[in-house]
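I would like the entire structure built from these sequences, with the hints used as guidance.
There are 2 protein chains.
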Amino acid sequence: MDDKSKKLAPAELNRRKFLMNSMGLVGGAAVAKTAMAEEAFLPPAVPSWTRSLGPGVLTNPYGQPSKFEAHVQRRNVEWLTADKIASISFTPLADLKGIITPSGLVFERYHAGIPEIDPSKHRLMIHGMVSNPIILTMDDLMRFPSVSRIRFLECPANGGMEWRGAQMEGVQFTHGMLSCCEWTGVLLSTILEEVGVDPRASWILAEGADGSHMSRSIPMEKALDDAMIVYAQNGEMLRPEQGYPVRLINPGWEGNTCVKWLRRLEIGDKPWYHREETSKYTDLLADGRAREFTYEQECNSVITSPSPEKPLSGKGKGKGKYWVEGLAWSGRGRIKHVDISFDGGVSWREAKFTSVVEPKSLTRFGIEWDWDGSPAMLQSRSVDETGYVQPTYAQLRAARGTNSIYHKNAIHTWKVNADGSVSNVQIS
Amino acid sequence: MDDKSKKLAPAELNRRKFLMNSMGLVGGAAVAKTAMAEEAFLPPAVPSWTRSLGPGVLTNPYGQPSKFEAHVQRRNVEWLTADKIASISFTPLADLKGIITPSGLVFERYHAGIPEIDPSKHRLMIHGMVSNPIILTMDDLMRFPSVSRIRFLECPANGGMEWRGAQMEGVQFTHGMLSCCEWTGVLLSTILEEVGVDPRASWILAEGADGSHMSRSIPMEKALDDAMIVYAQNGEMLRPEQGYPVRLINPGWEGNTCVKWLRRLEIGDKPWYHREETSKYTDLLADGRAREFTYEQECNSVITSPSPEKPLSGKGKGKGKYWVEGLAWSGRGRIKHVDISFDGGVSWREAKFTSVVEPKSLTRFGIEWDWDGSPAMLQSRSVDETGYVQPTYAQLRAARGTNSIYHKNAIHTWKVNADGSVSNVQIS
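Residue numbers (the numbering used here), protein chains in the order written: chain R, 1 to 428; chain L, 429 to 856.
Keep in mind the hints are simulated off the structure, nothing from the lab.
One thing to keep in mind: the hints can contain errors.
[To be verified] Quick list of in silico lysine-lysine cross-link-like pairs, BS3-like style, CA-CA up to 25 Å:
# : chain 1 : residue 1 : chain 2 : residue 2
1 : R       : Lys67     : L       : Lys495
2 : R       : Lys352    : L       : Lys650
3 : R       : Lys84     : R       : Lys280
None of these values were measured; they are calculated from a predicted model.
Below, the structure is given as structure tokens:
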């Protein structure tokens, strides 16, 4: 078949009709030009990859994304932390779909780089106010009953750069210290039952095996509720930067409490006030006092498309129907509903949930929007099953002042410009 | 701190007590030797990775597994197919946890290798008995309402080698043409509404853009029920070997009907009887007739640990408590319950579900087992919400004979030997 000599097939003509009628494409001249250039690839013409064999089996015993997706990657901000060895990379939320974050794209936060731990030599010690202190190997841990749960993981500094009005260009940077995985491991309560906790004990210190000895104090209530000692993530063993071979997960709580490379759990009767719960991860209020042990990540949401990375600039650039979608989450339970505004919070329409709706998990929402081509202010506002409503910036600042960099969950605004580009703006 | 001069700490002594008491470890001399060799790594001694900095941020913009997990990979069987270009690799089920299969480890089946498709040049044509035939770009497709669903994907030849009594050593090969991902895309019914289907139409041909032009006939009922045009898998765009940039997913149906690299959907009023639904993917019965269009994957299950790859040989090798776990699935809906036998089907105990339980999805189950150290025959038997009970080999052969290689879902048996090793045996 000679691709170049082919005439436009009827289906091709219909495509143009389809785009112009249903998708709001304008500018017939531009369409005709595009269609001509692409003719060689269009059915019923047969592209080169349909007329050849591809590489065979086992060229990739562990598969990788297409080379055409190389732009989808974690990114950091050079100026955010004092040293690269204690920094953050951000999840590329704009390019992700559904609620599972691929393990290779889960944001990273660490305080002394990524230790390379040999799992056969790693040990987890559980001691302190217990009857039977133990030191577990990974093989030991695998012999306890396990559970698998889909839960989000978020750094409490997520959005912190926006707190006082910074406007990062891209949802990867405004909200990208966020992920959601299926975590598998042993409930901490199962292990505590094994060691026999002193009835007077009320706190647990979790300590990491990395060079920073990252450690946080965890109340016993959380340990006995849903805290997990986790060894697997999205079906396979944890990734090195996510705590391989074992970490703590406190569902719905600040990511830093989910201590990675977990080496030691000490049972006690008061918090330890270690470095990372005093110099960091406390919230300075307007009156000079600081909130401490603010573990829960409050109800939050963001529209991931359109966004600065996903302008309204597809084939049907310009007015027409678009699928507006995003993510909602709450550290207190399930998302109950999400409303979307296209006019900066004046009017609202309820979005549909398009994924499973698990507690303390990301929930994907979407809504169809017939864009008239004029500038618009897009917002999402989530409500969780406790009835908590995501606040405006004005409400958040009234309650917490402007000193904190943690626990920013104010309603976010994307401005859609007339040319389809999307900007980050703040509406109080 | 001088690691080498450290005495065993009290916690270390307790570890031995723990393993001997709770985990069934025998042989005190061996324990003492192991403990001495490992002393340098044990808390409160501080291993080298806790006394140093690891590599910093953005060494891996797209993360990879630990080098200690390099053995967890897809594998194939050289003799299974006539040519490597049309072959199969198997998911390493024994090493996986939860229900999500990491995209890099999802089994592959293809008929002409893996095409490398430029998504900006790929087109999906929908034509035939419709009012408005269309040709969609990937950008067009992204503008339709999307859904994300966790669904299993299985080749109907999964277990086919066992049909007449072959005994593959490893759950990777007995059941590894199996996976489960969160798939995101557009419901086929949404697209069919857009093109306007002729009321007399009853079948759809799905054709791939690979060199084999892989194609299957799909009944209209399925298309209007839950079939999806999928572009994302576990949060990111499809992997090349899974159909990048777009494929069909028919939840619960034979993997081959979920045509990859989807290029064309033709709407018609009868099946096409293309190559891959006549020479293959039909089931020869004992009387010489063949079942055709046997789309549904029946209720099935398998224990993934213990298994040949996961012998009872951890630190506490020998009798004691173990966590027995596995996967159950049904193409007809949710798994309702799973029973486990430790005596080759004489007596049964109900397992717990330890993951989310979605329809047409893998479901993870587990049960604690106190092994007395003598040989045992482990089986799992699943029941789905339609009441269908996974059959024995005798029941399956009575119904279908022994000619078929597709739709083997008989109860599988692992023999645990006295030394903790695990063998594949068949009990009819």
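Here is what the structure says about each hint:
At roughly 23 Å between alpha-carbon atoms, Lys67 of chain R and Lys495 of chain L fall within 25 Å of each other, so this suggested pair holds. Proposed proximity of Lys352 of chain R and Lys650 of chain L is supported: the alpha carbons are some 23 Å apart, at most 25 Å. Distance hint between Lys84 of chain R and Lys280 of chain R is fulfilled; the C-alpha atoms sit about 17 Å from each other, no more than 25 Å.
In terms of the numbered hints stated before, the structure departs from none.
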